[in-house]
Structure formats: structure tokens, C-alpha cells
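S.K.: Below, each chain spelled out in residue letters.
Protein chains: 2
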Amino acid sequence: MRRKITGFSNPLIKRVRSLREKKHRRRENKFIAEGLRILTEAREAGYIPAIVFLEHGQEEHPLAAILCDAIESNGGDIIETSRAIIAKISGKDNAQMLVGVFDDIDVKLSDINRNDADIWMAVQDMRDPGNLGTMMRTCDAVGGGGLFLIDDCTDPFSVEAVRASMGAVFTQKIIKCTWDEFIAWKESGSGQLIGTSLNTDNDYQAVEYQTPAFVLTGNEAQGLPQDYEQYCDILVKMPMKGKADSLNAAISSAVMSYEILNQIRKK
Amino acid sequence: MRRKITGFSNPLIKRVRSLREKKHRRRENKFIAEGLRILTEAREAGYIPAIVFLEHGQEEHPLAAILCDAIESNGGDIIETSRAIIAKISGKDNAQMLVGVFDDIDVKLSDINRNDADIWMAVQDMRDPGNLGTMMRTCDAVGGGGLFLIDDCTDPFSVEAVRASMGAVFTQKIIKCTWDEFIAWKESGSGQLIGTSLNTDNDYQAVEYQTPAFVLTGNEAQGLPQDYEQYCDILVKMPMKGKADSLNAAISSAVMSYEILNQIRKK
Chain A
9 MRRKITGFSN PLIKRVRSLR EKKHRRRENK FIAEGLRILT EAREAGYIPA
59 IVFLEHGQEE HPLAAILCDA IESNGGDIIE TSRAIIAKIS GKDNAQMLVG
109 VFDDIDVKLS DINRNDADIW MAVQDMRDPG NLGTMMRTCD AVGGGGLFLI
159 DDCTDPFSVE AVRASMGAVF TQKIIKCTWD EFIAWKESGS GQLIGTSLNT
209 DNDYQAVEYQ TPAFVLTGNE AQGLPQDYEQ YCDILVKMPM KGKADSLNAA
259 ISSAVMSYEI LNQIRKK
Chain B
9 MRRKITGFSN PLIKRVRSLR EKKHRRRENK FIAEGLRILT EAREAGYIPA
59 IVFLEHGQEE HPLAAILCDA IESNGGDIIE TSRAIIAKIS GKDNAQMLVG
109 VFDDIDVKLS DINRNDADIW MAVQDMRDPG NLGTMMRTCD AVGGGGLFLI
159 DDCTDPFSVE AVRASMGAVF TQKIIKCTWD EFIAWKESGS GQLIGTSLNT
209 DNDYQAVEYQ TPAFVLTGNE AQGLPQDYEQ YCDILVKMPM KGKADSLNAA
259 ISSAVMSYEI LNQIRKK
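Top line first, the protein sequences correspond to chains A and B. When we follow the working numbering, the leftmost residue of the first sequence carries the number 9, and every step to the right adds one. When we follow the working numbering, the leftmost residue of the second sequence carries the number 9, and every step to the right adds one.
Because the hints were derived from the structure by calculation, they are not lab data. Incorrect hints may appear among the rest.
Identical copies look the same in the list; a pair holds intra-copy or inter-copy alike.
[Claimed, not checked] As a list, the in silico BS3-like pairs of lysine-lysine whose alpha-carbon atoms are at most 30 Å apart:
#1 38 x 249
#2 249 x 116
#3 249 x 184
#4 274 x 251
#5 181 x 251
#6 38 x 275
#7 245 x 96
#8 96 x 38
#9 184 x 38
#10 30 x 251
#11 12 x 249
#12 245 x 275
#13 100 x 251
#14 12 x 274
#15 274 x 249
#16 249 x 181
#17 275 x 251
#18 30 x 116
Source: prediction; values computed, not measured.
Please model the complete structure; the sequences and the hints are all you need to start from.
M.R.: Below, the structure written as C-alpha cells:
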């Protein structure tokens, strides 16, 4: 259904705006994604928002028109509103002029076929939503299958994570699990769990990786707990030529994943 | 000099807190950096804060004691204060219990010896402070010499950029310049300017890079302006196996820089 909302105090606006907070996302089992580019990625991946908010005139863009048609066919709502209200929902001054409300995407370990992709990422206690979203984007770029969010990770459906993912939150499988669940699942089939560590002499380029490769990255500040390292099939390290002894988590997983992709490309 | 401040309304606290805003950093020609790890990197690189704020008891940590000695020898101020006041300065609830105030670091193009390092980064219109800080950190990791901040980049001395740099803001040369200044300087000596682009068929792994290598990355949303591409000595692209057609700017420059480092390592 198409309708207009002009008032800031409209209860739907308040409710959608509240989805910027995790407790409300939990309660509603919904999340928001912004921007025509990300919403188009979503549509192409088969995810149609239940509601879209757009500024008057936006629906004339060809991709927005296709999106609106898909929402209407699906029985969803298209709400024309003001730029100021969209900025209020998004929490950004230079908000994208299109905000969609999506149902939570719930993927279970048992739903995953590890042979769907050669590369997967696994992150443990990842706390920064920008890092997590960027990792989703990189995992998409290397043709990865998805990300295992192990232990206490930041919410992959937060506004910041979705934004940084540039739509990869819809194309990558996102699986929340505990370490024990992940290890039990991983050991029930093929594949190599690859950890980056300071406690090894294995240069990351000297190893021949096997697929499916699971690239494991620990918490931004602490890295991987040391007793988790023994579960890895291989530990590797990247050359560090400067003063620092570590890379940003999203960078480290990207450099690692591109090495694996490059090895696959050479085969 | 060592002293204590207990009041939130102390004018020095207000002044230092104001350094979180760019206009105040500009006016004072100072910036803040937080945390013992980053302040130790700074000290080892020869940068001693003019003032440090620390929580009572913190000065007993061996590295904090070395830092405090260096500040005192330098005629700087050591200010003992409360955790709440430090959190107020830092703008973070879980603030690092140590905040230093540094004089601006001003590096000019003419100060740079390009042969000091094999790898340099150049960023154009980079807007996100987290991306910029992460790129400093990666540039340090590959043994890079520094970053050229071209055109209208985000402030490298913002709290967010300094934090993301993990101290590399002190170990990397940061040079602000225009595109014309950069190109004139670059062409006055040796080295290869490497752009990543969708407008090329050169696989980034199929090229033999020359040093000093200048890895150029454009704005997060727009990429490099197309008329800038002609100034690059080589354009390359990374494989993109997923739905998206680009990587995060910090990721792209890292994958590129590690490729160059890996080629150097093999020589």
C-alpha cells in the first residue's frame, strides 16, 4: 500500500526509528537498511522490505520503481515522507533518501552447506559494527559464503554494520553460534580452519590452503583466546614491517582471504 | 609539573575536551591521543605530549612511569584526575585511562625523502576518519613511509582517526597537499603511482611493481575522479567474485599494499 506520512510524531516513524537500538530490533525481529544501492542488492538477493520510506520524487528512479513494484506485489508498504523524517529514522544528516524495514534473517548452522563457497569467515567476539560490516563486504568480494559470528559479537543488523556491509548483509549467510557449536559443526565435515596468530612462524604465503577455507579472526583488542588456537588446523602470520604488531581485524581477514582467493585463482 | 584536577568545570579540562572538535584543533594547533599503547608508540617515535591526564594510580605502570618522566624532562604537565573526567575528555564511556595532548605534526612535501620507504599511500578526498586511521595502521604494517592526504580529506588528527591508527599517526609521515602539488612532487623523482580502477583489465597480481610504490585510493563513495586516472603510472583491479563491485577503501589499499610487500619479499 502506498501512503504519506508527514508528522514526526507518527507512531510508525517512532517505531522504525527505535530499530536503531538493539533491544528494539530484538523485540520486533526487524532491522533497517538504507539507500537505493543496498536495497537493490537486497532485492536481487531475494529480500524485499516489509516497509520502505522514501522521499517524494524518489520513486521515479528506475531502480526505486522496480523496488516499489516488488514491495507492492509482496503486500508491503511504500511510505512517502520528507527528507527530514528519513534523516530522523536514519540518524544521519546526509541520510540516504530511502530506508527499508526488513524482517530478521535467521540462518542456522544446520542450514549451511560448506561446499557452497571456497571461503568463509569466522569472527569471535567482534565488537565493532564497522569492522563486521566491512568483513561482510570483503567476504562477498572474495566470493565467500558467509560469516560465522562466534560468542559475543556485535549485532550484524545494526545500522552501522548494515551500512558498512554495502549490502553484503543480504548476500552473505550470517550465522550466530557459540565456539563449541562452531567447532562441532566444522569438525563434522571437510575444510581448514585458519587462524592468524603471533604464536607461529608460518608465513601466510608459505602455506597451501585447502577449501572450504574458514578464516578465523578474534576480538579487536584481545585477538583469539589462546586456548582456541589449538582448534585451528593451521596458524599463520602476516609480515609486520612497522612498529605495530597487529592489523585491524577487518584488514587482517581481507589480506588473508585475498591470499586464499589468489591461490584458488592460480590452480 | 605534576598536579591534580578534580572539577569538571576546570578551564583546562574544557579546553582539552574542545580538541575533539576540528575548529578547536585548528585554533590550538593541538590534538589528543588516548591510551598507554598509543602514547608509548608516540614516545618511541619521539613525540612527547605537552600534557598528559591520567587516573590516580596509573603512573605506577612501568610504561606510564617512563612516559611521565619524559614529559617532566620536557617541561610538560602531568595531571592526575578522575576516570569520569578522562571519559569526558575522551568522549568514550570505556575511555583509556590516559589522554595526551600533542602539538600538531606538520610535514611538508619538501620534507619527504621518497626513498625512505618502498611503499607509500596516497588518499584523495578520504572522508571517514576510521578508514584513514586504519590506513595509517596498515601503512605502518607494510613498512610504509607515510600517507599523502590529497584534496579534501578528513582530519588525520581527529580522535577517531588517531584511535584507529593505533599509534601509526606518530610513526607515519602525514602530508596534506593538493592533487597538483602531489603530482608535481611525484613526477620530480622516481616511483610508480598505482591506482585501483574498474576501467582496466590489469589484474593487480599480474603487474610487477616498482618502488617507491605510491598506492592511490580515492573517495569512499566516488572512487578516484576519472581525469585523475591518467596521471597514474598503472591502473590495476582486484578480483571481485561477489555481487559488489568495490571494496572498502581501507581494505582495497591494504590488499594492494600487501601484494607490493609480497613482491618485495620475493626479490
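S.K.: Decide, hint by hint, whether the structure agrees.
M.R.: Do the hints match the structure? See the list:
no.: 1; hint: 38 x 249; in the structure: between (44 Å within a copy, 29 Å between copies)
no.: 2; hint: 249 x 116; in the structure: between (40 Å within a copy, 24 Å between copies)
no.: 3; hint: 249 x 184; in the structure: between (35 Å within a copy, 24 Å between copies)
no.: 4; hint: 274 x 251; in the structure: between (33 Å within a copy, 22 Å between copies)
no.: 5; hint: 181 x 251; in the structure: between (36 Å within a copy, 13 Å between copies)
no.: 6; hint: 38 x 275; in the structure: neither (42 Å within a copy, 53 Å between copies)
no.: 7; hint: 245 x 96; in the structure: neither (44 Å within a copy, 38 Å between copies)
no.: 8; hint: 96 x 38; in the structure: within (18 Å within a copy, 34 Å between copies)
no.: 9; hint: 184 x 38; in the structure: within (16 Å within a copy, 43 Å between copies)
no.: 10; hint: 30 x 251; in the structure: between (37 Å within a copy, 28 Å between copies)
no.: 11; hint: 12 x 249; in the structure: neither (57 Å within a copy, 40 Å between copies)
no.: 12; hint: 245 x 275; in the structure: both (23 Å within a copy, 20 Å between copies)
no.: 13; hint: 100 x 251; in the structure: between (36 Å within a copy, 26 Å between copies)
no.: 14; hint: 12 x 274; in the structure: neither (55 Å within a copy, 62 Å between copies)
no.: 15; hint: 274 x 249; in the structure: both (27 Å within a copy, 15 Å between copies)
no.: 16; hint: 249 x 181; in the structure: between (35 Å within a copy, 16 Å between copies)
no.: 17; hint: 275 x 251; in the structure: between (35 Å within a copy, 23 Å between copies)
no.: 18; hint: 30 x 116; in the structure: within (20 Å within a copy, 45 Å between copies)
The structure does not agree with the numbered hints 6, 7, 11, 14 stated previously, though it agrees with the rest.
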